[in-house]
Amino acid sequence: MSEPTRRGFEEAAECALEVRDLSFTYAGAEEPVLRDVSWRVPRGSFALLVGDTGSGKSTLLSLAKPQIAPAGEREGEVLVNGRPACGMDAAESARTVGYVFQNPDNQIVCESVWHEMAFGLENLGTPQDEMRRLVAETSYFFGIEDWFRCETDTLSGGRKQLLALASTLVMKPELLLLDEPTAQLDPIAEKNFLHALFRVNRELGCTVVVATHQPRAMLDYATCAFRLRDGSLAPVEDLPELDVRPRLLESVDGGRPGVRAELERAAAGAPAGRGSRRARAEQPAASVSRGWFRYGRDAAWVLRGIDLVVRPGAIHALVGGNGCGKSTLLSLLAGTRRLQRGAVARFTEAKALLPQDPRALFAEETVDDELMEWSGGGRYGRADVDDMLAHLGLVHAAALHPYDLSGGQQQLLALGKLLLVKPELLLLDEPTKGLDTASRRLMARALVWCRDHGVTVLMATHDLDFVNQVADDVSMVFDGQIACTQPSGEFFTGNVYYRP
Amino acid sequence: MPPADEHTAFDTAHPAVPAVYLAFTLAFTMFSFQPVLIALSLAGALAYGCCARGVRETLAGLRWQLPVVAVIALLNPIFSASGSTELFRLGVRAVYLESLCYGAAMGALFIASASWLRAAASLLSFDKVMALFGNAAPVIALMASMTMRLIPRFLRRGDAVLAAQRAVAVPGRTRGELVRERLRLSSVLMGWGMEDSLETADAMRARGWGGAPRRTTFSRYRFTRADAWALAGLLAGGAAVGLLAWAATSQYSFFPVMSRLVPWWGYVPYAAWMLLPAALHLCERRRFA
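Line by line, the protein sequences give chains A and B.
So my numbering is basically just the index in the first sequence, starting at one, shifted up by 89.
So my numbering is basically just the index in the second sequence, starting at one, shifted up by 1.
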C-alpha cells in the first residue's frame with residue numbers, strides 16, 4: 090500500500106463522518122441540492138451544521154443513513170468510521186449511526202415509553218437479557234425511570250424528544266445525527282434536550298452532528314460548526330459569530346420599501362369599516378375579566394380569575410411557560426371554548442385563529458384552491474388571491490399541495506388564508522415555531538402590516554426574540570393569571586431572567 | 002370519583018395466569034345456563050367490581066344493567082311461547098312463567114358476562130395482553146401497539162381541525178358550506194395522517210426496522226416457578242369446576258316445567274372459583290390495611 094493512501098485511511102478512521110466530493114440531485118429536479126461537498130467531522134466532536142430551510146442540511150445528513158436517504162442522483166462518497174455508509178445493512182447502520190428527527194410526535198412509534206425504548210433493540214433481534222440491561226442503563230442515563238411506564242402520548246414535547254434521543258442511543262451508535270431536534274420545543278425544553286445531548290457527547294464520547302437554523306442555543310456545547318449555503322459547505326471559523334439575533338424588521342416602525350409596497354397595493358382589498366373602528370378605539374379590542382377555566386370536572390384550574398385587556402390596533406404577545414394557559418386564552422377569545430366563570434368580550438365578530446399546527450386549516454389539494462376555499466358568496470375574488478400569493482411569496486408554489494411546502498411556507502399560507510376573510514382580531518398560536526430566519530422575517534412583516542391596517546393581533550409564543558422585535562405589548566401568564574402587562578421595551582428592560 | 006385501586010388480583014403474576022383464569026371464567030359463565038350458577042357468576046363479577054372499582058361505581062353500573070335484564074325477561078315470552086304455567090294472555094299469545102324466568106336468566110347471564118369482561122380490563126391490562134401476544138406474533142403486537150396510539154391521536158386531531166374551522170369567522174358562511182367543511186374532515190385527517198406516517202416510517206427504518214430476520218419482544222414479565230404452579234392449579238381447578246358446572250347445567254331444564262333447585266355441595270367450588278379475584282384483591286389490600 091502506498092504511503093499517501095495509507096495516510097488517507099488513517100485520517101478517515103479519525104473522522105466519525107467524512108464526505109468526499111458529494112453531489113446530489115433529487116429525482117426529477119434539475120439543479121443539484123449539494124455540489125461537491127467535502128466534509129470531515131472529527132471523532133468525538135459536537136458539530137453544528139447551519140443553514141436556512143431548504144439549503145440541503147437534512148439531505149446531507151440523511152445521505153449518511155442509506156435507509157432514509159431520498160431518491161436521486163448522487164456522486165461522491167459518504168464514509169462513517171472510514172467505511173462507506175451505503176455498504177451498511179439496516180442492522181449495522183442502526184448500531185453505528187443514530188438519527189433523530191425534528192417532529193417529536195411523528196418519530197415515536199409505540200404507545201408506551203418502555204416499548205419505545207425497546208423498539209430498536211427488538212428490530213435488531215437482541216436477546217431478552219441484553220435488551221433488559223441496555224434499556225435499564227439508558228433509562229437511568231436520561232432519567233426516564235419515573236415515566237418509564239407512561240403512555241407516549243401523555244408526555245410533553247420535550248420529554249417526547251428526549252425519548253426519541255434515548256431510544257436511538259439504546260442501540261449504542263457511535264455517530265448521532267440530529268435534524269432540527271429542538272425546533273418544535275419551547276426554550277426550557279430545548280435547554281434540557283441540549284444538555285442531555287451534551288452529556289451524550291462528553292460522557293459517552295458519541296460524535297454528535299446537529300443540523301439547525303437556530304444555532305444560538307447550542308453554541309455553548311458545540312466544538313465546531315459548518316455552514317451549508319447554495320449547495321456548498323464551508324467551515325465556520327469563529328463560533329461566536331453565529332451568536333446573532335438577526336433583525337426581523339428593517340426599521341423600528343416596520344419596513345417601508347419592497348414587501349411593504351407590495352402589501353400596500355394588496356391593501357386595496359383591506360378590511361372594511363376602518364372609520365367605525367377608529368370610533369371605537371377607546372374601548373379594548375378584546376378582554377377577559379375574572380376568567381376561570383378548567384378542562385374537566387376534576388381537572389385543576391388552568392386560568393384562575395384572569396384579567397386581560399388587549400389594546401385595539403396593537404400587536405400583543407402572551408408569553409409564559411408550557412401549559413400556563415396561553416393557548417387556552419386564545420381559544421377562549423376565538424370562541425371555541427367557554428369560561429366557567431367570568432366574561433370574555435370582543436369588539437368584533439370578525440376574528441380568526443391561526444392554530445399551532447397550520448395543517449389544521451388545510452383542506453384542499455393545491456395552495457391556490459386553499460386560498461380560494463372561502464371565496465364563495467363574493468367574499469373575495471380571484472384578484473385578491475393572486476395578490477395574496479404574490480406577497481406571501483408563493484406564486485411559484487400555487488399548484489403545489491400545501492403539504493409539499495416548507496414549515497414556514499405552510500405557516501404563511503395559513504395566515505394568508507385567514508387574512509382573506511378580513512379579520513379584525515387576529516389570534517396566533519406559536520406563529521414562529523420551527524421557522525428559520527427568512528420565514529420569521531416574513532411573518533414579522535405580515536403582522537406589522539396587519540397592525541398598520543387596523544387589525545388587532547394577539548399571539549401566544551415562546552419566541553422572546555420575536556416578541557422583542559415585533560410586539561407592542563407583552564403579557565406574562567403565570568399561575569393562571571397575568572403576572573404583568575407592559576409595552577415590550579419596558580418588559581424586557583425590567584426582566585432579569587426572562588429575556589431573548 | 003375515587004381512583005380505581007392500583008394493585009389488584011394477579012398483580013404480581015405473569016399475564017398468562019389471569020389470562021387462563023379469565024378464559025375459564027368466561028367460558029363457565031357463558032355455557033352454564035343454570036340459575037344458581039348464573040347467580041354465583043354474577044355475584045363473583047360484582048364482588049370483584051366492588052373491590053376494584055368501588056361499590057358506588059359498580060352499583061351505578063346496575064342502573065343500566067337491571068333494565069336490560071328486565072327488557073330481555075319481558076321480551077323473551079313474546080318470541081318464545083313455551084312452558085306450562087300460563088300467567089296471562091297477550092292477544093292470542095300466552096305468556097308463561099317459564100319463559101319469563103328463562104328470559105331473566107338470559108339477561109342475568111348477559112350482565113354477568115359483561116361484568117367479567119369489564120373485570121378483565123383491570124385484571125389483564127393492555128400491555129399484559131401485548132406481552133402474551135408479543136412472543137407469538139411480534140409484528141402483530143407492534144401493529145396493535147401503534148394502532149393504540151393512532152386512534153386517540155386521530156380523535157384529538159379531528160377536534161383540532163373542527164376547532165380551527167369554528168375559530169374563523171367567515172362572513173356570511175352558509176350552513177351548506179359549514180356542512181361541506183365538516184364532511185371533508187375525514188379526508189383532511191387522512192391526508193395529515195399519511196403525511197405523518199411517512200416520517201414515522203423513516204424513524205422506524207432509522208432504528209433498524211427489518212434489520213434482523215426475526216424481531217424479539219421486550220417483555221417486562223418473567224414466567225417463574227410460582228406462575229407455573231398457579232397455572233397448574235388453575236388448570237386442575239378449572240377442569241374440576243367445569244365438570245361440576247356441566248353436571249349442574251345438564252340436569253337442569255326450564256321447559257316444560259322448571260327443575261326444582263336443591264342444595265348441592267357442587268355449588269361450593271363453583272362459588273369459590275368465581276369469588277377468587279375478589280378474595281385475592283382483598284388479600285392484596287390487607288397487606289397495607
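Just so you know, the hints here were simulated from the structure itself, not pulled from any lab data.
A portion of the hints provided could be inaccurate.
Stated by the list, open to error - Rough simulated footprint, nothing fancy, chain B against chain A, three-plus residues with beta-carbon under 8 Å:
hint : segment
1    : 225-233
2    : 447-461
3    : 502-515
To be verified - Between beta-carbon pairs, the in silico distance windows are:
hint : chain 1 : residue 1 : chain 2 : residue 2 : range
4    : A       : Thr-243   : B       : Arg-64    : 26 to 34 Å
5    : A       : Arg-383   : B       : Ile-141   : 50 to 58 Å
6    : B       : Val-56    : A       : Cys-573   : 21 to 29 Å
7    : A       : Gly-214   : B       : Pro-264   : 54 to 62 Å
8    : B       : Ile-152   : A       : Gly-578   : 44 to 52 Å
Computed from a predicted model, the values in this text were never measured in an experiment.
Think of the CB as a built atom: it goes at the ideal place given N, C-alpha and C, for glycine as much as any other residue.
Hints, verified against the model:
1. 225-233: The restraint on the segment 225-233 of chain A is violated, since only 0 of its residues have a Cβ under 8 Å from chain B and three are required.
2. 447-461: With 5 residues in contact (Cβ-Cβ under 8 Å with chain B), the coverage given for the segment 447-461 of chain A holds.
3. 502-515: holds (count 4)
4. A:Thr-243 <-> B:Arg-64: 26 to 34 Å: For B:Arg-64 against A:Thr-243, whose Cβ atoms are near 31 Å apart, the range 26 to 34 Å holds.
5. A:Arg-383 <-> B:Ile-141: 50 to 58 Å: violated, 40 Å
6. B:Val-56 <-> A:Cys-573: 21 to 29 Å: With Cβ atoms ~50 Å apart, the hint is violated.
7. A:Gly-214 <-> B:Pro-264: 54 to 62 Å: Roughly 59 Å apart at Cβ, these two residues keep to the hinted range, so it holds.
8. B:Ile-152 <-> A:Gly-578: 44 to 52 Å: holds, 48 Å
Hint compliance for this structure: hints 1, 5, 6 are not met, and every other hint is.
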